[in-house]
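*Asks:* Protein sequences appear in the order of chains A and B. Under the working numbering, the first residue of the first sequence carries the number 3, and numbering increases by one thereafter. Under the working numbering, the first residue of the second sequence carries the number 3, and numbering increases by one thereafter.
There's no promise every hint is true.
Copies of the same chain are indistinguishable here, so a pair counts whether it falls within one copy or spans any two.
[Stated by the list, open to error] With a straight-line cut-off of 30 Å between C-alpha atoms, the simulated DSS-like cross-links for lysine-lysine are:
#, residue 1, residue 2
1, K355, K103
2, K103, K227
3, K363, K18
4, K230, K103
5, K18, K227
6, K272, K355
7, K103, K18
8, K244, K423
9, K363, K103
10, K93, K333
11, K222, K18
12, K115, K103
13, K363, K222
Note that these hints are calculated values from the structure, not bench results. Fair warning: this is a prediction, and the values are worked out from it, not measured in the lab.
Number of protein chains: 2
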Amino acid sequence: MTSLSDQVRQLARRAKSASEILAGVPAPVKNRALRAMADELEKSEPAVLRENEKDLRAARARGIGGALLDRLALNPQRLAEMSRGLREVAKLPDPVGELIKAWRRPNGLEIRKVRVPIGVIGIVYEARPNVTADCAGLCLKAGNSVILRGGSEAIHSNRMIFRCLERAALRQNLPRGSVNMISQTDRRGVEILLSQVGLVDLVIPRGGEGLIRQVVEKAKVPVIKQYKGICHTFVDEGADLKMAERICFNAKVQRPGVCNAMETLLVHRKAAPEFLPRMARRYLEAGVELRGDRRTRRVLKGFPVKAARELDWATEYLDLILSVRVVDSLKEAIDHIRRYGSGHSEAIVTRSKTRADQFLKNVDSACVYLNASTRFTDGGQFGLGAEIGVSTDKLHARGPMGLQELTTYKYIVTGHGQVRK
Amino acid sequence: MTSLSDQVRQLARRAKSASEILAGVPAPVKNRALRAMADELEKSEPAVLRENEKDLRAARARGIGGALLDRLALNPQRLAEMSRGLREVAKLPDPVGELIKAWRRPNGLEIRKVRVPIGVIGIVYEARPNVTADCAGLCLKAGNSVILRGGSEAIHSNRMIFRCLERAALRQNLPRGSVNMISQTDRRGVEILLSQVGLVDLVIPRGGEGLIRQVVEKAKVPVIKQYKGICHTFVDEGADLKMAERICFNAKVQRPGVCNAMETLLVHRKAAPEFLPRMARRYLEAGVELRGDRRTRRVLKGFPVKAARELDWATEYLDLILSVRVVDSLKEAIDHIRRYGSGHSEAIVTRSKTRADQFLKNVDSACVYLNASTRFTDGGQFGLGAEIGVSTDKLHARGPMGLQELTTYKYIVTGHGQVRK
Numbered sequence: 003m004t005s006l007s008d009q010v011r012q013l014a015r016r017a018k019s020a021s022e023i024l025a026g027v028p029a030p031v032k033n034r035a036l037r038a039m040a041d042e043l044e045k046s047e048p049a050v051l052r053e054n055e056k057d058l059r060a061a062r063a064r065g066i067g068g069a070l071l072d073r074l075a076l077n078p079q080r081l082a083e084m085s086r087g088l089r090e091v092a093k094l095p096d097p098v099g100e101l102i103k104a105w106r107r108p109n110g111l112e113i114r115k116v117r118v119p120i121g122v123i124g125i126v127y128e129a130r131p132n133v134t135a136d137c138a139g140l141c142l143k144a145g146n147s148v149i150l151r152g153g154s155e156a157i158h159s160n161r162m163i164f165r166c167l168e169r170a171a172l173r174q175n176l177p178r179g180s181v182n183m184i185s186q187t188d189r190r191g192v193e194i195l196l197s198q199v200g201l202v203d204l205v206i207p208r209g210g211e212g213l214i215r216q217v218v219e220k221a222k223v224p225v226i227k228q229y230k231g232i233c234h235t236f237v238d239e240g241a242d243l244k245m246a247e248r249i250c251f252n253a254k255v256q257r258p259g260v261c262n263a264m265e266t267l268l269v270h271r272k273a274a275p276e277f278l279p280r281m282a283r284r285y286l287e288a289g290v291e292l293r294g295d296r297r298t299r300r301v302l303k304g305f306p307v308k309a310a311r312e313l314d315w316a317t318e319y320l321d322l323i324l325s326v327r328v329v330d331s332l333k334e335a336i337d338h339i340r341r342y343g344s345g346h347s348e349a350i351v352t353r354s355k356t357r358a359d360q361f362l363k364n365v366d367s368a369c370v371y372l373n374a375s376t377r378f379t380d381g382g383q384f385g386l387g388a389e390i391g392v393s394t395d396k397l398h399a400r401g402p403m404g405l406q407e408l409t410t411y412k413y414i415v416t417g418h419g420q421v422r423k
Numbered sequence: 003m004t005s006l007s008d009q010v011r012q013l014a015r016r017a018k019s020a021s022e023i024l025a026g027v028p029a030p031v032k033n034r035a036l037r038a039m040a041d042e043l044e045k046s047e048p049a050v051l052r053e054n055e056k057d058l059r060a061a062r063a064r065g066i067g068g069a070l071l072d073r074l075a076l077n078p079q080r081l082a083e084m085s086r087g088l089r090e091v092a093k094l095p096d097p098v099g100e101l102i103k104a105w106r107r108p109n110g111l112e113i114r115k116v117r118v119p120i121g122v123i124g125i126v127y128e129a130r131p132n133v134t135a136d137c138a139g140l141c142l143k144a145g146n147s148v149i150l151r152g153g154s155e156a157i158h159s160n161r162m163i164f165r166c167l168e169r170a171a172l173r174q175n176l177p178r179g180s181v182n183m184i185s186q187t188d189r190r191g192v193e194i195l196l197s198q199v200g201l202v203d204l205v206i207p208r209g210g211e212g213l214i215r216q217v218v219e220k221a222k223v224p225v226i227k228q229y230k231g232i233c234h235t236f237v238d239e240g241a242d243l244k245m246a247e248r249i250c251f252n253a254k255v256q257r258p259g260v261c262n263a264m265e266t267l268l269v270h271r272k273a274a275p276e277f278l279p280r281m282a283r284r285y286l287e288a289g290v291e292l293r294g295d296r297r298t299r300r301v302l303k304g305f306p307v308k309a310a311r312e313l314d315w316a317t318e319y320l321d322l323i324l325s326v327r328v329v330d331s332l333k334e335a336i337d338h339i340r341r342y343g344s345g346h347s348e349a350i351v352t353r354s355k356t357r358a359d360q361f362l363k364n365v366d367s368a369c370v371y372l373n374a375s376t377r378f379t380d381g382g383q384f385g386l387g388a389e390i391g392v393s394t395d396k397l398h399a400r401g402p403m404g405l406q407e408l409t410t411y412k413y414i415v416t417g418h419g420q421v422r423k
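Isolated chain A (complex conformation) (with noise of 0.2 Å):
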């Protein structure tokens, strides 16, 4: 029998080694491949849901229920989803081999800066079965061979959504290697694959921080990572307080549960009087619970309002819950932002020009808003096609991760018998 180090090890080298011929394979083969693991997954609808049953069984028998239990379901529904958006990526346009820039040296050489595969992606993730199509799925389209890794909770649904994967990519000539899983659930399995130097090119990790920060924790490989989304939202004196409104409940009570769903309300202390009741009965009204600093409360009062603590500022909620400061300037809006964002997304709601552009400058985020909701920071709604997650690294990736993320670039160096003088 083989050791776990040994079989994760081998995985890499298939993988590594079937990324070298799929850096090569042209669009339309690729995109039959991704059309063909639709089909597969259509056809073993039955057969998934019956593997997915079982990691429902399981996880009620342990006492998992509500949200978690949710993210774990199948129906026919989310696996047409599944196939819809494997369709989708073929779809998209082939970002391998795209010159992104080509000049010519006073000696006569021409480079090309040329965008290519990264090679083998590793991603770990929790929970949602469906990861495990799309990460693939972009992942094989950009050209690289990917390791899947989910959690133990989804193993069996996993297991068979991924059995479909590979069958439909050997059966398009892809070679083997390009779609790959750990199947095992023992934990040393992310450990291991995180330290595949040379053999892994990158991972990803795509769940709660929990798991983000195990995998940092533990990696050896270059990872990017998507913490958590502490998004702001900053509403200006003078600010047009419908537009502030609708944007400010939007990006709380849209879907909540989201890494760009906003956590923390800013308001300026002369917007705050006519702003802050009208907000806050919108608000309690959908059910949202407020946790105020000192003035806010003052404002507030009447309203119930619980006292937003310290750590208040510096939680992501992912609920309906929402903390909320009464600033005195523009600027302890920006430095409250330093000090307790999280480099994904803030906006400012104004009319002034000159104060927005101070606002978009000196935010340190991936994503700023002038007068719209956090909630756009997606890779769908900036049109990307699709996303592989949003990072809130600065380097390689930053903000929603598309298809030209998961690639990097060489440079084509072309000449007629050069040499350095």
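Fit chain B to the supplied structure of chain A, relying on the hints for placement.
*Replies:* Structure of chain B alone, referenced to chain A:
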């Protein structure tokens, strides 16, 4: 007395807060500061040389000589080069604020992808004191604050150069903390710097393989590496042998001690009988030691060619030594490079367009060359104006790194009240 850990942390905090201001400093101010730094270095020539003499004395006392001592030594010309370097950087276009891309979404949102500084960059380096000025200048121009940590062998020179740079920066009203140096020689200083997650955004090690491995091993913050350059040149069948001779000679001999020099020559078996004896003669005249595989030695019977061992293919000699191998095919050449190459720079000399394309496509290195010397892998030669290093990583930056690679981007999204549906 505060601990080293507190000191470094405080330095990093100061650098972070300076970086927030630096990000918005207009180009003319940065350029003026760069020129002031150059002036200050020139004015301080006697002081810098005096401090450098201390380092040289200490090195000699420790029995250091030859190349290492030469790297450490400053003289009026080298100091003038440092100043010229800073003035050149001042002339380069400012990468900050560059509009990378802009588009409009169907809902009217305007999305702009804009180049911004990374923040705080740490540079860990050895021996050459000129790195102090070169790196500080490049980081500053790209709007980043920098934390320099040079080797103990150059500590006196580095401290004095740093003092000049800092004095000039402050006199030009750059924020305090724009240019920083860890001037303690305690090795733990590097480790502490490498663990400043949230304060230090990137560390670039510059030095030998040992230093780079240490940095990668200890780093909790992102690192861009420049590992060894085991560069290959493949002379194809039917190649223009005069051209091949010129390129291969240049790639090995012109400056053997640098990362883009060739370490292994691969020759197609059909080209070997004519090419190898000609080439060997030139190499031997230039004092190059040859280490060949069995077939090379057979073709070069009568020439002094040592037997290449397995280890030779994986060695970066950085010296007048060359490993030589005869291969049966283009594929064998590519496979050899895949196995032993370091992803830096490889060249093919050929007359065949098809075979050139195959090589350029299938060799996964930062820079691939057709009919030119690998010695061109260099920021200056590429026309980037200046370089902070050559990345052998695939993420964020690959190949020669100029000002652009010292930046990241953010998305600025402008709306008029849009909310997500």
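*Asks:* Against each hint, give a clear statement of whether it holds in the structure.
*Replies:* Evaluation of the provided hints:
1. In this assembly of identical chains, the alpha carbons of K355 and K103 lie at most 30 Å apart only when taken from different copies (21 Å versus 34 Å within one copy).
2. Taking the closest pair of Cα atoms, K103 and K227 come within 30 Å of each other both inside a single copy (28 Å) and across two copies (23 Å).
3. In this homomeric assembly, K363 and K18 come within 30 Å of each other (Cα to Cα) only across copies, at 16 Å, whereas the closest approach inside a single copy is 41 Å.
4. When the C-alpha separation of K230 and K103 is checked against a cutoff of 30 Å, the pair qualifies only between copies, where the shortest distance is 26 Å, while the shortest distance within a copy is 34 Å.
5. With identical chains, the CA atoms of K18 and K227 are at most 30 Å apart both within one copy (22 Å) and between copies (21 Å).
6. In this assembly of identical chains, K272 and K355 lie within 30 Å of each other by CA distance solely inside one copy; the values are 18 Å within and 70 Å between copies.
7. With identical chains, the CA atoms of K103 and K18 are at most 30 Å apart within one copy only, with a shortest distance of 28 Å there and 33 Å across copies.
8. Taking the shortest alpha-carbon separations for K244 and K423, only the inter-copy value of 17 Å comes in at or below 30 Å, while the best intra-copy value is 67 Å.
9. Taking the shortest alpha-carbon separations for K363 and K103, both the intra-copy value of 27 Å and the inter-copy value of 17 Å come in at or below 30 Å.
10. In this assembly of identical chains, the alpha carbons of K93 and K333 never lie at most 30 Å apart, being 45 Å within a copy and 33 Å across copies at closest.
11. Within a single copy, K222 and K18 get their C-alpha atoms as close as 17 Å, and across copies as close as 26 Å, so both meet the 30 Å cut-off.
12. Taking identical chains as interchangeable, the C-alpha atoms of K115 and K103 lie at most 30 Å apart whether they share a chain (5 Å) or sit on different chains (17 Å).
13. Proximity of K363 and K222 under a CA criterion of 30 Å is satisfied inter-copy only: 28 Å between copies versus 34 Å inside one chain copy.
This entry does not satisfy hint 10, going by the numbered hints stated previously; all others are met.
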